[in-house]
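Keeping their order, the protein sequence lines are chains A and B. For the first sequence, this note's numbering assigns the number 1 to the initial residue and increments by one for each residue that follows. For the second sequence, this note's numbering assigns the number 176 to the initial residue and increments by one for each residue that follows.
Simulated from the structure, these hints should not be mistaken for laboratory data. Hints are not guaranteed to be accurate.
[Stated by the list, open to error] Here are the simulated lysine to any residue pairs, SDA-like style, with alpha carbons at most 20 Å apart:
| hint | chain 1 | residue 1 | chain 2 | residue 2 |
| --- | --- | --- | --- | --- |
| 1 | A | Lys100 | B | Met176 |
| 2 | A | Lys146 | B | Lys257 |
| 3 | B | Lys257 | A | Ser123 |
[What the hints assert, rightly or not] Okay, the calculated bits of chain B under chain A, using three or more residues with CB under 8 Å as the criterion:
| hint | region |
| --- | --- |
| 4 | 286-292 |
| 5 | 311-317 |
None of these values were measured; they are calculated from a predicted model. We put the CB at the ideal spot given by N, CA and C, even for glycine.
Residue strings, one per chain:
Number of protein chains: 2
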Amino acid sequence: MESIIIDMDEVMADTMGGMINWYRKQGYNGVIDYAKMPGGSWITGFPEEHQAMVRSHLFDPGFFRDLPVMKDCTEVVERLNKKYNVFIVSAAMEFPNSLKDKLDWLNEYFPFLTWQQFVFCGSKSIVHGDYMIDDLVRNFAAFNGKKYLFSGAHNSEITEYSRLDSWKHAAEVFL
Amino acid sequence: MESIIIDMDEVMADTMGGMINWYRKQGYNGVIDYAKMPGGSWITGFPEEHQAMVRSHLFDPGFFRDLPVMKDCTEVVERLNKKYNVFIVSAAMEFPNSLKDKLDWLNEYFPFLTWQQFVFCGSKSIVHGDYMIDDLVRNFAAFNGKKYLFSGAHNSEITEYSRLDSWKHAAEVFL
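So that you can see chain A by itself, here it is in the shape it has in the complex (with noise of 0.2 Å):
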């Protein structure tokens, strides 16, 4: 059986949807431009006054707990676990309270995924396998296996690597 390993933030859960629901709860009005995220960080696209802020909130407990889910996710990597050996691997490292928030997260949203296919890492450079699916190029630098970037506003620019726009698209690329 193949091995795919899947990212987590900006992949499977909508981290960016999730920090921007935050800042609107917290009373701010800026605008979210999202045409100053490429360049690998969607941070860069929320007003300058505020990035500071919304990184630190990156480390605060709970974060990572409440983040939404990406559209069809759920559905498409169920199937991939069957036909794959799934592994999810998140760079969570730098974020020591987002660890636990993750393990939650997974076991709430993906009930069929087991702990035997988690991986938090600071660095992926000493995973390999068969397939990425990833939305940072940072994280093909070492991969051995084919390399799948998953399309975000702060990856828009990249144009080197096969990608994948969307849940729907990885079930037809995939499955």
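For chain A, the structure is supplied; the task is to place chain B on it using the hints.
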């Protein structure tokens, strides 16, 4: 630079020793029988009537935060870290409350390592590298590099692998 993948429990951390300390503090005087440990788990060396309690304590917040560091481990890992790409890979996902504890423990006792070097996983089958130091042969099954079994009472029956009997021994082999 070659990479070394180092396990935490029973390799860097004296998990069994921490458990024995806790067991004594609870007021139990049961004999710890090292001869009953071979086969992969030191839990079987505890009195039978206490094994379920001991296993359950592995899930308690704080247990993995308070473990003793294995003798000479800090100094040798610090030296390895200058000569190799060191990754600390722990199959921690089975114990959800251990994740933050393990990260805090690493940051306290190994401050020269960075979060980019840490991996918490369920299965080690997707990590690759040049060398792996581990106390459990099941973690070697899919590994592409050279394997070193770190000796403990629970793996004393194994004969198939090169062994490291201590961190001093590891220094002789790798430095």
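Hint check results:
no., hint, result
1, Lys100(A) <-> Met176(B), "violated (33 Å)"
2, Lys146(A) <-> Lys257(B), "violated (32 Å)"
3, Lys257(B) <-> Ser123(A), "holds (18 Å)"
4, 286-292, "holds (count 4)"
5, 311-317, "violated (count 0)"
Hint check: violations occur at hints 1, 2 and 5; the rest are consistent with the structure.
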